[in-house]
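Got chain A; can you put chains B, C and D on it based on the hints?
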Amino acid sequence: MNARPDFLLSVENLTVSFDGFKAVDGLSFYVEPNECRVIIGPNGAGKTTVLDLICGRTKATDGKVEFKNQELLKMREDQIVHAGVGRKFQTPTVYEDLTVFENLEISYPKGHGVFGALMFRRDDPVKSRINEIAGEVFLDDLLDEKAAFLSHGQKQWLEIGMLLIQDPELLMLDEPVAGMSVAERIQTAELLNRIIKDRSVIVIEHDMKFVEDIATRVTVLHQGKVLSEGSMAHVQADPKVIEVYLGH
Amino acid sequence: MFAEYSMGELGAIFAMQGFAGLILFSVFVLMALGLAIIFGQMGVINMAHGEFMILGAYVTYLTSNLFATYIPSLFSIYFFLAMILAFFVTAALGMLVEWSMIRHLYKRPLDTLLATWGLSLILQQVYRSVFGAREVGVTIPEWMMGSLPLTDMIEIPINGIFVMVLAVGISTAVYIMMFRSSWGKQVRAVTQNRVMAGAVGINTERTDRLTFGIGCGVAGVAGSAFTMIGSTGPTAGQLYIVDTFLVVVFGGAASLLGTIASAFSISQAQSIMEFFLSGSMAKVLTLLTVVGILMLRPQGLFALKLRK
Amino acid sequence: MSDTPKKSIKTMEASRRSVLMGGTALAASLFAPKFLKAADYPTAAVNTTGLAVTDEDVTIGILHSITGTMAISETGSVQAEKLAIEQINAQGGILGRKIKYIQEDGASDWPTFAEKAKKLLVNDKVASVMGCWTSASRKAVLPVFEQYNGFLYYPTFYEGLEESPNVIYTGQEATQQIIAGLDWVAETKGAKSFYLLGSDYIWPRTSNKIARKHIEKLGLKVVGEEYYPLGHTQFNSVINKIRLKKPDVIYAIVVGGSNVAFYKQLKAAGIDMTKEKPVLLTISVTEDEIRGIGGENIEGAYACMKYFQSLDNPNNIAFVEEFKKMWGDDMVIGDVTQAAYLGPWLWKAAVEKAGSFDIDKVREASPGIELTTAPEGYVKVHKNHHLWSKTRVGHAKADGQYEVVFETAELVEPDPFPEGYQ
Amino acid sequence: MLLKGNRFFSTGDLVAFAILAVLIFVILPVGLDTFRLNLFGKYLTYAFVAIGLVLCWGAGGILSLGQGVFFGLGGYCMAMFLKLEASSPEATKIQSTPGIPDFMDWNQITQIPLWWEPFHSLTFSLFAVILIPVAFAFIIGVAMFRRRVGGVYFAIITQAIAAILTILIIGQQGYTGGVNGITDLRTLKGWDIRTDDAKVLLYFVNGGLLFVCLFIAQLIRKSKLGRILIAMRDQEDRVRFSGYDVANFKIFVFCAGAAFAAVGGAMFTLQVGFMSPSFVGIVPSIEMVIFCAVGGRLSIIGAVYGALLVNLAKTTFSELFPELWLLGLGAVFIAVVLAFPNGLAGLYKDHVEPRLLVIFKRKAGDDSSTEDFDAIKTAAE
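Chains as they are written, first to last, in this note's numbering: chain A, 9 to 256; chain B, 3 to 310; chain C, 146 to 567; chain D, 247 to 627.
Everything labelled a hint here was simulated from the structure, so no lab data went into it. Computed from a predicted model, the values in this text were never measured in an experiment. If a hint is listed, it holds; no wrong ones were tucked in.
Reference listing, derived: stretches of chain B covered by chain D, where coverage requires no fewer than 3 residues with Cβ under 8 Å from a Cβ of chain D:
| id | stretch |
| --- | --- |
| 1 | 98–111 |
| 2 | 246–252 |
| 3 | 280–293 |
Computed, partial: chain D to chain B, Cβ under 10 Å:
| id | residue |
| --- | --- |
| 4 | 307 |
| 5 | 311 |
| 6 | 529 |
| 7 | 533 |
Backbone N, C-alpha and C define an ideal beta-carbon position, used for all residues, glycine too.
Looking at chain A on its own, in the form it has when it is part of the complex:
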């Protein structure tokens, strides 16, 4: 089976094994432009590992990952980012010793070489872009605050902001609302709904209500393999899914 060019991302026969244990096993799926794909599945199904493989954090044992017809598996993490893939981690990963402004500034897609970084100037376009993004992720009042002092939910937003500023074509979010208060959750859902409009998104999420809200298609993973794929209604009705979820 050849990768099809009309997909933004095609994952084919993706496999990784850790000392013989196949965490992801012959996995294939395709993401179209402007699609919001949600990956669900029980713990240990390999969801996070799939994201790790796509963004280069873990090296695949076998398979293909093509993004806009570029093979991602051969690229370094930073090259994958420059190709247009952004990744948010499960636990909020921000630079605690830096301010919110500086966190966003580091993610600003300019001056990414050593000398570029040395010569980087905080000029007006940079400032206005950072302000804009900060507004979008509800942090415009906290720009000079150290990230360490943010609440858990605010850190999640900051990380999303750090992705947005790169303007990726494919955004991968690992449990973006985990550990948030109800109010934060509502705000985040609204934020996500806004940002998934003009790009493709892969989301890992447990909250079914939330999944129903945003998903174009849902992929159910089980033991490193695709168990079911389709619309939310389709997978919810799939007996295999019901067995895996209820059988436990």
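Here is chains B, C and D on its own, set in the frame of chain A:
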């Protein structure tokens, strides 16, 4: 270089050289085991490892003097008692150090390096003040210093055999303790996730202290054994530190088997090169090879592949 | 920094303590004291260059490592120098002045040596310095002594290749230690082949070079030559090589901690030195080192030195007694310790001959100075600033002492730049 | 208004730089005799290394236990030039081969080896002082950071490299001077570096270069690169997924640290008058880390004070209590790690700087904005 020798001579030399390699291997294993526990399992960079070894050597020295003065009739077996004492004395010091210093630093592994370096300076000065700046001569029972002539050419040093037996014995003991006992499980649980281990009811403080103490104790036994083949002086411990760390790192820090495999490969490489090259160049080449391989394979020889 | 006055107070205390420890009943008979009165030598006349000389005393420096890896070796030298100073003071000092000393720690670190040497010369204006042990420390202080015109008494046997107007070398240079010993082993033991072994630095390398040339001159054979890094502790491989080559003589110049490891492993490998197959000849193991090695581990080896503690002459018997009285009965005295002991005495003799503390005059007076009271016997300063001395061979015994089995009939001339050996 | 600070220097930084400048260029030269001043000059050469370590370790989280290698390489490059100049045929006419360095003559080398030849040129030597260590650091950096070796592993490998280089230098004594090092250096282009005047001048050159390095380090820290280093130290993965090639940044900062160390080494050779393998090995390398830790691993100015104070303490302790100074030194290191992890700089930042700033602020008068005042308040809290 071998043209002028008979086959018999060559065979004998290679046999003995192989044996020399095995002795070196045992020496490396003994040096590295304590550190493999402290550094490999606990992540503490103990720069005072050599000083703990020397403490074991000084304990042996004191024991030998005691026996020579008070019970000379039993002098020929004092060494066994000395090793046991060395274990407990260094383990006790190790636990004291863990309690006063190391336990505050588990989250800052690189800082343990600095603190233990400070400790090593202090220990060196204490040794110097107590035992004098000069090396002390540890008298080894006569039977341990001889050799077993196998053939006319091949002679096997008894202390070499002793070191080898000790290395095997201690490795086995450490292996059983770390991987076959419930206590070992606790140690591994604590080192992998301290908070979680505490939450499931493991007394993490006690486990840490005992682990560190045992690591130091093993170093003490090694130091005690090395009085047979090396020198005992305030600064002698520093000689061991580079080799020891390289052995542990090269093996893949968290793996005991790796430490042993690495001790084996480094010792064989060094022993072979020493035979064909001059001593200094052999040492340089051995170190370079190890560093080179580590650059290609930074996780060491044996490492678990894990999801990060 | 104003620690200089404090230092002198401390120094005086130290000397007082030492006086109590050592006792004043020195070998007065031996060193035939001639009490010179300071009044006969006015300070203005004996000290025209502003050295630390007063009407009562004269200050010198002691510069050795008290800390660090070299402290092991240098302790004996410090003790010997302090003993000599005590004895000189008990006899009334030099030109009627007591010797005070300022002791500095070189800390086994060469820039520290240079730094402290400069402090002693520039800040303390010491009239001479007893000090250094390793070649590296001497090389580090040498430019300082030459620049500020200081005067150093250097006690260690060393590789030669140096002749500074500002240094008196009280130890032997390499040829003095090597050639006679090789002749002896070739003659009495019938040695034909040699295996040269050393720690990897300049002294063993230079010494082995001279040894190789001489061995080849004698028409004999060097079957192996090998160096191990300083601090190396595993010698099984080289021991096997030695076994393979079957030399008549192992010529070993291993130093420091390596020494201990080498001899212990040699013995354990079944090479019994008392059987003299092969003969082990060393120039790096003094009685001091044997304490670390253990007499039982080196029994039967031969060492080539100019001094052994067991030398049987009245000078030495008195010296050993005084040394033990001052520093404890368990002390042993090696070649370098004795050479260090000569330093203050040679300086005293030179100052008295010159009638002045001025460095230039002391330097001028130094060649030709004789010491009949030296523990090693009679020594004389050569015009190349080294000492004429005898070469002796000692046979190591299990109790850690050497039995002297040979000594050259005449004093051996020092030759720091030996023609034909370079 | 100078004191208001700018993109690269906050007011606090300016005050700290100014105090250090006054100390180095006014107080020490006025207060000390040439001998002591020369000592402080020597201490300051270690400050170069410590500044590099602040960048590598404090900011970037890369702990190198082999900075002595770069210090030594820089120092040896300088020493080779000076030695060749000191080995003129007239000065070495007693040798069997006049015109070559004395240690070569003792080792039966009759001709200057090819790789020594370029060191006849001062220009080449000065370039080599920086470029050779940097190239070496680059090779190590590429090999290690590309393979993602970091943390403890990096520390131990650099330590092993220091050990290897020491054995090599000692073993190849015909070409390197062996364990004695390259000694008896006299003149630089005919100018006697051993005189008191020369020492004073060298002290000031050294101080000047130190400030150049401090300035460069400050630029690096205050640029986006500096913030990336901190980001990298705390969340290396996140930096990767923000689109940075982390290895390049590590290589850069490691090379920068090596360059600083090399300058320090060259100045050391000039001021002390020799170079030997005892500055290359493990012990000096770890001591250099300790200077940095005592000064405060996050502060470049702190690093300078750390180098000064530890060395001063070492000299003073060893003069006053020669038999006990190791105890004191060891205790200081443990205390710094356990009780003051941010070293002297941490103490200064918490207790001294806020008060100083208030004083300067008053003098600065109306120019100071309320924004700055807030900053002071935050710092004070």
